[in-house]
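Enquirer: Sequence:
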Amino acid sequence: MKKYLRLIGYELKTIMRDPLNLFLLIYPAFMFVLIGWLLPLALTRGGVSDTSFAYSLTMLIAFVVIIAVGGFASGALLGFSLLENKDEKTINSIAVTPITITGYVIFKSLYTFGFAVLGTLFLVLSIKWWASDAYSFTYGTMQFGFDNLGYGEIIFFSLVSSLLVPAVGTLIASAAKNKIEGFAFMKSGGLIFMIPVLVLLNAFSDWKQYLLGITPNFWPVKALLNAAMNISNPSDLPFWAYLLIGTIYMLSLAVFSIIAFARKQQHGG
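In this text, residue positions in the sequence shown follow the working numbering: the first is 1017, and each later residue adds one.
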């Protein structure tokens, strides 16, 4: 137990001395200010009525983008941290300790997962508590609102969406040779993990929505979106079914990517 407590102290020091990592840690507060206050203020001051379709569409897209990429951002934090370990040869040192590379990666994944859960909870709850008026609007025939979201739904969404962290982090660290390449992978990967935004199109309101399920974050995003809109189309699954599929999918990816990363490091990758 003591060895893991020492690791926590080391990891926190590593995070705090990297400006990029610090930014990724504070992004929930930054995003809340951006989409919870600045965006609705800019729209209304720009002459866009808060009852117009343009307002509701803009706010809805912004919300879906933010919840879709939240786990990816924390996963990128994990990936950059692992790349730093590779550059400093920390991984090589761990290989000859009782912790093992796999144990170390799981440890880092768990505490970064914790940051992601707390960050997502902060963001969604902050909007519910302090910006719910800005996010109460009609989209087509549906009424979007945070009053439709219970605390249990928000908590379970935060847990499931954050399972993306270990998969993204170890995949970035495995594929990239250094932080510059890691940043390039992060930018391209960010576009991929924004695919769930397409679920807002009418074309994906029926069974075709599941084509977007190739991206693992689609499942928790769709669950929260349906709950916030209080809708149940014939092609939709129940809230908990979306979360269950997302959990299985992302845990499978996490196990695969952690094992792949550990094996690559053991062979000098």
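Any given hint could be a false lead.
Straight-line alpha carbon distances no greater than 30 Å define the calculated DSS-like cross-link-like pairs of lysine-lysine that follow [to be verified]: (1) Lys1102 x Lys1203; (2) Lys1105 x Lys1195; (3) Lys1102 x Lys1193; (4) Lys1280 x Lys1203.
Computed spacing ranges between beta-carbons, pair by pair [unchecked claim]: (5) Arg1279 x Trp1223: 35 to 41 Å; (6) Asp1103 x Phe1039: 32 to 38 Å; (7) Thr1116 x Lys1224: 42 to 48 Å.
In case anyone wonders, no lab produced these hints; they're calculated from the structure. All values derive from a computational prediction rather than experimental measurement. C-beta: ideal position from N, C-alpha, C; glycine also.
Enquirer: It remains to establish, for every hint, whether it holds in the given structure.
Expert: Taking the hints in turn, this is what the structure says about them:
For the proposed pair Lys1102 and Lys1203, the alpha carbon gap of about 21 Å is at most 30 Å, so the pair holds. For a cut-off of 30 Å, the pair hint linking Lys1105 to Lys1195 stands: about 14 Å separates their Cα positions. At most 30 Å may separate the alpha-carbon atoms for a hinted pair to count; Lys1102 and Lys1193 meet this at roughly 9 Å. For the hint linking Lys1280 to Lys1203, the alpha-carbon distance of about 23 Å falls within 30 Å, and the restraint holds.
For Arg1279 and Trp1223, the hinted distance range of 35 to 41 Å is satisfied, since their beta carbons lie about 38 Å from each other. Look at Asp1103 against Phe1039: about 20 Å separates their beta carbons, and that is not inside 32 to 38 Å. Hint check: Thr1116 to Lys1224, Cβ distance near 44 Å, so the stated range 42 to 48 Å holds.
In this structure, the one hint that does not hold is number 6.
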